[in-house]
Amino acid sequence: MDYFNRVIDLADFVTKVVDPKDLKWSWGEGLLMYSLSLLDKELNENRYFDFYKEYVDYHYEKGVNINRSNTCAPALITHELYKKTKEEKYNKLIQEVVDYLINEPKLIEDLPNHLGHSGTSKFYPKSIWIDSVVVFGIFSSVYARDVDDSLLIEKAVKHPRHFIKYLQNEETKLLTHTYVQFLNEASPKNLYWGRGNGLMIFGLPIMISAIHDEENIKHLNEISNAILSYQREDYYFNTVINRSDSYRESSVTAFIASGWMQGVREGYLSEKFRAPAINAFKAIVENIAYKGDKVYLQEVSDVTYPIPLLPYRMRLGKYSGYKYVRKENNSSYGLAALFFACIEYKKLIKSS
Numbered sequence: 001m002d003y004f005n006r007v008i009d010l011a012d013f014v015t016k017v018v019d020p021k022d023l024k025w026s027w028g029e030g031l032l033m034y035s036l037s038l039l040d041k042e043l044n045e046n047r048y049f050d051f052y053k054e055y056v057d058y059h060y061e062k063g064v065n066i067n068r069s070n071t072c073a074p075a076l077i078t079h080e081l082y083k084k085t086k087e088e089k090y091n092k093l094i095q096e097v098v099d100y101l102i103n104e105p106k107l108i109e110d111l112p113n114h115l116g117h118s119g120t121s122k123f124y125p126k127s128i129w130i131d132s133v134v135v136f137g138i139f140s141s142v143y144a145r146d147v148d149d150s151l152l153i154e155k156a157v158k159h160p161r162h163f164i165k166y167l168q169n170e171e172t173k174l175l176t177h178t179y180v181q182f183l184n185e186a187s188p189k190n191l192y193w194g195r196g197n198g199l200m201i202f203g204l205p206i207m208i209s210a211i212h213d214e215e216n217i218k219h220l221n222e223i224s225n226a227i228l229s230y231q232r233e234d235y236y237f238n239t240v241i242n243r244s245d246s247y248r249e250s251s252v253t254a255f256i257a258s259g260w261m262q263g264v265r266e267g268y269l270s271e272k273f274r275a276p277a278i279n280a281f282k283a284i285v286e287n288i289a290y291k292g293d294k295v296y297l298q299e300v301s302d303v304t305y306p307i308p309l310l311p312y313r314m315r316l317g318k319y320s321g322y323k324y325v326r327k328e329n330n331s332s333y334g335l336a337a338l339f340f341a342c343i344e345y346k347k348l349i350k351s352s
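In our numbering, the protein residues as written are 1 to 352.
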């Protein structure tokens, strides 16, 4: 099987049938656009350029409100467009995100409330969420390196450390979804959300590659070693890492595979992660569904909220607990995870 080109089939289908103007200015969509720009680099083409440019141009004209962590992630693709085109409108959007990272009130150490000052923040306790390590952490690292901003470099190095300090269980070394300020503890206890842990493993090598840091390399190894034993016989990981009765999940698996492949290739992780990462990536690609002229990435959990009450077993539609969060096809963050993993797979094979 040609694993790389099977993923390109998926990217071609998605960019053909999806109108980028229908996609929100949020973290999953932002990561999807960034992953497409990196696919372009790997292909040495502008295959998807019009798609992600139209996405950013539309939101620029419409106006964006940088009021929570999730709204920072599209700055990654905006930064790529600015580097490529030098159009000032992209720099204007970037500076709005930089302003948020620097000036948004901090909740814990250098981390803002995940929901920022958005309307949603009125309905959920002030807290940090593991999602934010990728939502703004990758941008702060890549941008700080590219512009050689000493203040942002200092912040970027500390971001993953601070998340790990408050979210990591000292015994299991796995990461909890949130840290709630008024509870003064990580929550929910003893449930380790897969996509969140996957985001950390995916994000750390990118941040380390941008700004080398030995402590973050140590964290990458610690968390990776903790998660490795939870890989299933079919090479997937579950939506809750430590619950065998939760379902297997594609975005978790792809994010972990991407981080491990980059970590091995760049020397942050040992060779023992090579085969588990490649096997995970291949398992997802083999499960891509072709239905007529349609192509689908399957088994991706929907938006997942850290629910205070019955966080595992609650059944309440889109606000269900981890076990009952519905699955969907071709979600933005699932696609992004697989595209990142595909790029790392090709680079790892080349380097071998």
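These are calculated hints, taken from the structure and not from any lab test.
Please read all numbers here as calculations on a predicted model, not as lab measurements.
Where is the CB? At the ideal position from N, CA and C, for every residue including glycine.
Heads up, some of the hints might be wrong.
To be verified - Pairwise CB distance ranges (calculated): (1) I102 x E215: 35 to 45 angstroms; (2) R47 x D293: 14 to 24 angstroms; (3) E233 x E154: 24 to 34 angstroms; (4) K318 x K126: 18 to 28 angstroms; (5) E214 x D19: 28 to 38 angstroms; (6) L183 x R47: 22 to 32 angstroms; (7) N5 x D234: 35 to 45 angstroms; (8) E170 x R47: 29 to 39 angstroms; (9) R313 x E170: 39 to 49 angstroms.
To be verified - Computed cross-link-like contacts, PhoX-like style, restricted to lysine-lysine with a CA-CA straight-line distance of at most 20 angstroms: (10) K106 x K173; (11) K282 x K218; (12) K62 x K21; (13) K272 x K327; (14) K24 x K89; (15) K318 x K24; (16) K41 x K106; (17) K165 x K218; (18) K189 x K173; (19) K272 x K282; (20) K41 x K346; (21) K89 x K106; (22) K92 x K24; (23) K291 x K318; (24) K347 x K282; (25) K158 x K218; (26) K106 x K126.
Check the structure against each numbered hint from earlier and tell me which ones fail, lowest number first. When the structure is compared with the hints, numbers 1, 3, 5, 6, 7, 8, 9, 10, 11, 13, 16, 21 and 23 turn out to be violated.
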